[in-house]
Amino acid sequence: MTRASWLKKLWKGRSKGVSSVIGTVFLIIIVFAISTNVFLWTISQSSIYNQAVKESNQKSADKLDENIVASNANYSVTVPNKVKVNAKLTNAGSVSAQIVNLWVFDTTIQRYGFNNTIASLNLNPGNVTYLTDSKSIMVTVVGASSADNFVAWFVTARGNTVALQTEQSIIVANLAQGIGSIALDFYAFRYYTYNGSKLVNYPAGTASFNVPSRTDVAFGIVLTNLDPSKQTITLNLYSQLWIYFPKSPGQSFVWYIVNVAPDRSISPYSSISIAYTETKMLVFASSVAGGFTKVMIGSAVENLPCALNLLLLGTIGTRDYGQNIPFVSLYIYKP
Amino acid sequence: MMAGTVVTLSFVVFAWSQNVSSNYNYQYNQTVGAEIDRLKEKLVFEYVYYNSTSTPKKVTVYLLNCGAIDNVTILNVYVSNSSGWLQSFSSPSLKLLNGTPASDQFLDRGEERRIDLSLSTNLKKYAYYSVRIVSERGATFDSSFVA
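The listed protein sequences derive, respectively, from chains F and L.
Mapped onto this note's numbering, the consecutive letters of the first sequence carry residue numbers 408 to 742.
Mapped onto this note's numbering, the consecutive letters of the second sequence carry residue numbers 2 to 148.
Do not take every clue at face value.
Claimed, not checked - Heads up, simulated DSS-like pairs for lysine-lysine below, C-alpha to C-alpha not over 30 Å straight-line:
{"id": "1", "chain 1": "L", "residue 1": "K96", "chain 2": "F", "residue 2": "K489"}
{"id": "2", "chain 1": "L", "residue 1": "K126", "chain 2": "F", "residue 2": "K489"}
{"id": "3", "chain 1": "F", "residue 1": "K654", "chain 2": "F", "residue 2": "K741"}
Said to hold, decoys possible - So the derived list for chain F, only partly shown, Cβ under 8 Å to chain L, looks like this:
{"id": "4", "residue": "Q452"}
{"id": "5", "residue": "I455"}
{"id": "6", "residue": "Y519"}
{"id": "7", "residue": "A564"}
For the record, the hints were derived by calculation from the structure and aren't laboratory data.
Positions of the beta carbon are idealized from the N, C-alpha and C atoms, including for glycine.
Isolated chain L (complex conformation):
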């Protein structure tokens, strides 16, 4: 009787532990998958242009997805100078290079897109500024420009 109970309980414990380990494996798999996807993301800045004559002042960023993964989504863009962040932009709109709206809001492999960032402050002429792009997968890409 006791032996039977122990055997039954053992099977129950075995099943439970299998379930727990499966969950762990699944989460680990998800984490590794996300890391790999992040690793595959690569955006390059073709050009960053500061338009000092527009109202409001505008920074236009031209991007190329030269990575190995599709669906790169821009989560945040930060414009900064040497003393810190000046302005951040959440989920900025992606456009085609000529400025017309894009049909989707992500960059597939080999695609080029443009982001227009309207600044609330004027940038100092000939000063050096940085742009940081953070993707939804968590990858960051940096560039700089002279205002």
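Just chain F, same shape as in the assembly:
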């Protein structure tokens, strides 16, 4: 039967068996359309799910790649109930990292605190950040004191925790000849000259062991409290820097401890404390204790070497404190 005759037969109503064909064709179309629809939909959903799995795996991989090293940690309590945390943060991983929280646990009193308001502590790979001075992080731990033991950890935005490695414990050689509680930073020794009543180039000064005579000078000494009993040291107004000349017996000069205002001018001594592990630069400038009179090294000792001693007096915790720190030698030159 040709196509034309089949249509003619259908038109004339003699369509025996044609409906079965139509039904079958429709059935096939329906089955094909539905299965294609479901299949394609399933494929698309599967692809969406796979994408989500990939993203999740990528996040997990990034989390594993994150490698923050927190070292040189030390803890001090300079303000009641506030633990000051100093540390060095290094991003040793291959992905950038963001610090969102710092936890401190005082193991001595079994109390803890956190600071989750750390601003802009983001590190690219290779970045090193020193959390010292104004960048130190303060954490509130009620009842904490410098003598307590602490552990701490950072939390990153990816959810990693980074334990702080404590600064290597104090060994006897860190201290001045193994005696006393304060260490002097030999390489940070400096002296200052004056411009009127103000120190020149403060706080950097002149880092040298050759000091001019016939000039008013003051000295900057960097000290760290490494007291094994972890107590705060308060220096009194009699703390002084003293130089003497072996080749010119009887010649000596003294500079008493002073305070320096932000405008680099000298003000007489007012209470100076150094908390455990705290490093502070102290200025010695006055020939009188508790006041301020400039000191000049006279011409009689020009071109002579001298020994420098730091005579520190005050209190450590509730006890009296006195320490004599030597080590620095100076040469007085004629300017």
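Position chain L relative to chain F; hints supplied.
Coordinates of chain L only, in the frame set by chain F:
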């Protein structure tokens, strides 16, 4: 006449099957969507602290949502030891880290929250315990602590 009926019926069947497949697709879509959301959820335990001096004894859990999805809701929290569940907590209240009530009861991305769990029994000193958190989307997160 018969052919017309078959054609009409075929269209009806076609429409019905389309509807059925759409429903299936919708349900499948919902299931996949829920799975994806669950996959995106990630909570980390910043700290788990057992307070043995408080009355009642309390476990405080500090959480951070470091996942890729907002609105993480805590459905259940379980505290257990090696021999099984000790106590479960249904929909515990989420607080800010400092202990003040939070304005909502879910964790958005990057948010930190705290849960205080009051225990009905004392935990054994220095024993090892686990905490499991189950979110409303069905994700589970585990941590542990020493009492």
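Checked hints:
no.: 1; hint: L:K96 x F:K489; result: holds (23 Å)
no.: 2; hint: L:K126 x F:K489; result: holds (29 Å)
no.: 3; hint: F:K654 x F:K741; result: holds (16 Å)
no.: 4; hint: Q452; result: holds (5 Å)
no.: 5; hint: I455; result: holds (6 Å)
no.: 6; hint: Y519; result: holds (7 Å)
no.: 7; hint: A564; result: holds (6 Å)
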